[in-house]
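As you go down the protein sequences, you meet chains F and R in turn. Residue numbering for the first sequence is 1 to 309, as defined by our numbering. Residue numbering for the second sequence is 310 to 948, as defined by our numbering.
Calculated from the structure, these hints are not laboratory results.
Straight-line distance between alpha carbons at most 25 Å, and here's what the computed SDA-like set of lysine to any residue pairs gives: (1) R/K414 <-> F/A277; (2) R/K548 <-> F/Q12; (3) F/K89 <-> F/P61; (4) F/K57 <-> R/I625; (5) R/K414 <-> F/E22; (6) F/K18 <-> R/N541; (7) F/K18 <-> R/G545; (8) R/K653 <-> F/G177; (9) R/K543 <-> F/M19; (10) F/K18 <-> R/K362; (11) F/K57 <-> R/D603; (12) R/K653 <-> F/D167; (13) R/K543 <-> F/N14; (14) F/K18 <-> R/P413; (15) R/K900 <-> R/P886; (16) F/K18 <-> R/R547; (17) R/K414 <-> F/E274.
Just a sample of chain F residues kept apart from chain R, beta carbon distances all over 10 Å, derived: (18) V97; (19) E111; (20) E112; (21) V113; (22) P115; (23) F163; (24) Y218; (25) R223; (26) R227; (27) P242; (28) V265; (29) T271.
Sample of chain R residues with no beta-carbon within 12 Å of chain F, all distances over it, derived: (30) V481; (31) T508; (32) R844; (33) K902.
Please read these numbers as outputs of a predicted model, since none were measured by experiment. Don't be surprised by glycine CBs; every beta carbon is placed ideally from N, CA and C.
Below are the chains, spelled out letter by letter.
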Amino acid sequence: MEEKKHQRIEIQRNSHLKMIEEEAIFVMREVAAQFERPVLLFSGGKDSIVMVHLAQKAFRPGNIPFPLMHIDTGHNFEETITFRDELVKRTGTRLIVGSVQVSIDKGRVREEVGPEASRNALQTVVLLDTLKVHNVDCALGGGRRDEEKARAKERFFSHRDIFGQWDPKNQRPELWGIFNGRKNQGEHFRVFPLSNWTEMDVWQYIAAEQIPIPSIYYSHRRRVFNRRGTWLNDSEFITRYPDEVTEEKIVRFRTIGDATCTGAVLSHASTLEEIIAEVAAARVTERGNRHDDKRSEAAMEDRKKLGYF
Amino acid sequence: MKTAQQNNGTPTPKEDSGVDVSYLDMDMLRFTTAGSVDDGKSTLIGRLLYDSKSIFEDQWDALESTTKNRGEEKVNLALLTDGLRAEREQGITIDVAYRYFATPKRKFIIADTPGHEQYTRNMVTGASTADLAIILIDARKGVLTQSRRHAFLSSLLQIPHLVVAVNKMDLVDYSEDRFSEIINDFKEFSENLDVDDITFIPISALKGDNIVNSSNNMSWYKGATLLHHLENVKVGSRKNPHDFRFPVQYVIRPDQDYRGFAGRVVSGNIRVGEKVSVLPSGEQSRIRSIETVDGSAEIARTGESVVLEVENEIDISRGDMIVRENNVPNCKSTFEATVSWMNKEPLQAGRPYVVMHTSRTTQALVKEVRYRINVDSLHREETAELQLNEIGRVVVETAHPLFFDAYKLNNDTGSFILVDPDTHVTVGAGMIRSTSTSALKDDPSSRNIVWEPWNIDREVREQRNGHEARIIWFTGVSGAGKTTIARALERELWERGLRTMLLDGDQVRHGLNSDLGFEPSDRKENIRRVGEVARLFYEHGNIVLCSFVSPYREDRRVVREMFPSDRYLEVCVLCDPEILQERDPKGLYLKAKQGTLKSLTGFDAGHEAPTENDAIFIDTGNTEVEQAVVTILDKLNLK
Chain F
1 MEEKKHQRIE IQRNSHLKMI EEEAIFVMRE VAAQFERPVL LFSGGKDSIV
51 MVHLAQKAFR PGNIPFPLMH IDTGHNFEET ITFRDELVKR TGTRLIVGSV
101 QVSIDKGRVR EEVGPEASRN ALQTVVLLDT LKVHNVDCAL GGGRRDEEKA
151 RAKERFFSHR DIFGQWDPKN QRPELWGIFN GRKNQGEHFR VFPLSNWTEM
201 DVWQYIAAEQ IPIPSIYYSH RRRVFNRRGT WLNDSEFITR YPDEVTEEKI
251 VRFRTIGDAT CTGAVLSHAS TLEEIIAEVA AARVTERGNR HDDKRSEAAM
301 EDRKKLGYF
Chain R
310 MKTAQQNNGT PTPKEDSGVD VSYLDMDMLR FTTAGSVDDG KSTLIGRLLY
360 DSKSIFEDQW DALESTTKNR GEEKVNLALL TDGLRAEREQ GITIDVAYRY
410 FATPKRKFII ADTPGHEQYT RNMVTGASTA DLAIILIDAR KGVLTQSRRH
460 AFLSSLLQIP HLVVAVNKMD LVDYSEDRFS EIINDFKEFS ENLDVDDITF
510 IPISALKGDN IVNSSNNMSW YKGATLLHHL ENVKVGSRKN PHDFRFPVQY
560 VIRPDQDYRG FAGRVVSGNI RVGEKVSVLP SGEQSRIRSI ETVDGSAEIA
610 RTGESVVLEV ENEIDISRGD MIVRENNVPN CKSTFEATVS WMNKEPLQAG
660 RPYVVMHTSR TTQALVKEVR YRINVDSLHR EETAELQLNE IGRVVVETAH
710 PLFFDAYKLN NDTGSFILVD PDTHVTVGAG MIRSTSTSAL KDDPSSRNIV
760 WEPWNIDREV REQRNGHEAR IIWFTGVSGA GKTTIARALE RELWERGLRT
810 MLLDGDQVRH GLNSDLGFEP SDRKENIRRV GEVARLFYEH GNIVLCSFVS
860 PYREDRRVVR EMFPSDRYLE VCVLCDPEIL QERDPKGLYL KAKQGTLKSL
910 TGFDAGHEAP TENDAIFIDT GNTEVEQAVV TILDKLNLK
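Build the full structure now, drawing on both the sequences and the hints.
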């Protein structure tokens, strides 16, 4: 992997980055203290990479006291998996993989078909199954409130019932810095230490802390095709409409999710500084390129209620 | 790049990206917005996001298409913030939503809380972390009950800065007179609140007046625009920089040689080598090392998440607190608190709850619900329980002591939540008032606007005096023997070398209260003033004996609530009416009989005996003075 060079930027003591960093670390320690078998959900995306970085800082000089968990759709960007395995080795953590492909093979879930097919919905089932198998009582996620309207009302400590469901109208009030992780047997929590971070904060933090990220976040040449304004990867996993033509473009990814539904943006940003400049000037939210959110106005809310990330 | 279309006067996102938001030295302000349904709160937030270019094109497109689908003409900025489907359908905001935007100077976190009456709990939640509150007032409607409620909650939660944004100025012809009128109305009310900093800004969220740019329509307004104010107001005032408090969150033990205590410095700071005490054990040690998230350091500052090592092998675990040896918090299992109730099942005295306070979790019992605060009138109302969205004063007892400071002094060590032990749901949020200090001192619903602390604390005076300050309140009809007993008791206390003061009706009625008569309203004022005088003597460390007819329970209750319950004793002195009229030491009953004296308590006006459990009764028809003194001394249990 190509090492990207950039200037180190100091985080000021009273700056917003310091405040949200301290907050996230406080929340992670709270998870380690309040739960018995927490995991850190790891997607390979920049938010979960930042999460791992924060977890290292939170428990230093000790090791991260919980394993990483990756729900693998099987439709990955190769760079993501390579990066994941290196990170696991570097941090000395344990990795748990929940495989969508295995669940499909076992008949636990049925694959969608057609050009719009996505394994996103299947992921929810596999996630809940994997949490159950490992008896997980808390899953740390990199979700941020600025990502989407329904997430704006998510708590740091988000309660999930015995079916893994979120009840947005019946959330526990969260006051001061007191987090209530008490629950009944079989229920679990999703905890979001990055709740108060924005996309810009994440990029600035990556730059300031010099956190390595997968190369596909930087501009590169890629074979893509255009679907309703979004550049999708030329992938064997995607069924094409007849009029969709593969082209070669200079692109980069703003988010990394399932390779079938994560769109690239045309970009020449090849350093963190350029990415930050691009984010600052961006006119489209990062999820604007996620086809899974566009299915209906309340798409995210519906998926979250069912137990999505 | 596609641009959103101009739509009926609603501005479109600007194309230029002149604002560089990638500054790294910007700080952060958390603020909350509160307003009634139609005050234009969502529009204001939409406007702030929009004018600071925090709305993206795809969000804008979604907004336009939703607006079209609903058959509305104008792009509705409010749709941006109403996140959940139920809210979009009902057109209301039902939960706290968090929004983010940034300018080159600051990052902002908005806790957007709904203004409906039933959602006090959301406002309290949003206010608990805010540095500033924006209260929206519709210029046409002026200061409404809700505005007052928002202001009260802001002061209760101790939000350091208040902005009163008078919105819809365009609908009152940008009238300066109207703006001044609203300021005066608001100030009249807010004088009773504990708020240090209030800023009034006339705006139109819809038209954009005084939001980002100064309005040409209101040249009479010379103050800052809303955004300018938000960018420049001082942040961080919620934190207490003086008293070092370190609740231990988690123990880090990578190997046999290292045992570190992870946590957040919630207030104050500490350096390597300083002496510390560990609560609850009280064991002492020194700080050996400090590990911040960026490596070893000499000092750990307010707000930082650090790992501390101490020199001695002390058993320390989550829930303990590391403090400076000579600056310790209260360490008690009984305290008074103001509680905001957040659950459908009412709060009931005697029911067990779980209390979560700093990193400590323990069983708790609400011993007593003292009163409910009517959030609209600020009056205290008698009640046995608190319903959803009600706020009241309670006495809490915990199974293990908590290490706390008054909320007013330290938000982090003065706040707690109550959790239902069966459902595990968070049911209440509490702000600790005090253990032993006067309840009035830090109550925003008190008449005292700003309370300067006493130069020399009562606790210090008490230490020197060698005894606690007390209030003994004698009530009863004229001639029953109150003053006789009070005088004998005071002499006894005096002989024992204690500091005392005796106040009785005749004294104050000739001087301080010579302007008052005997009508119920005058009697009430009489007792109120006496209560205040008694409090001054009390704060001076005295045992204050007050002998007053004080016939109305309600009036006495006002005095009673000025003092901690373990410092106040009510003595009701009774006597058979026939014996009274026979005694008649001042000839009052004779005058009343002759009709020259009206409404004499005990003759033609009633005396309401105490109903509180802790009051004692002395019948002078069958009790000697010496016996009465012994009885009261017993009950006093002086320390």
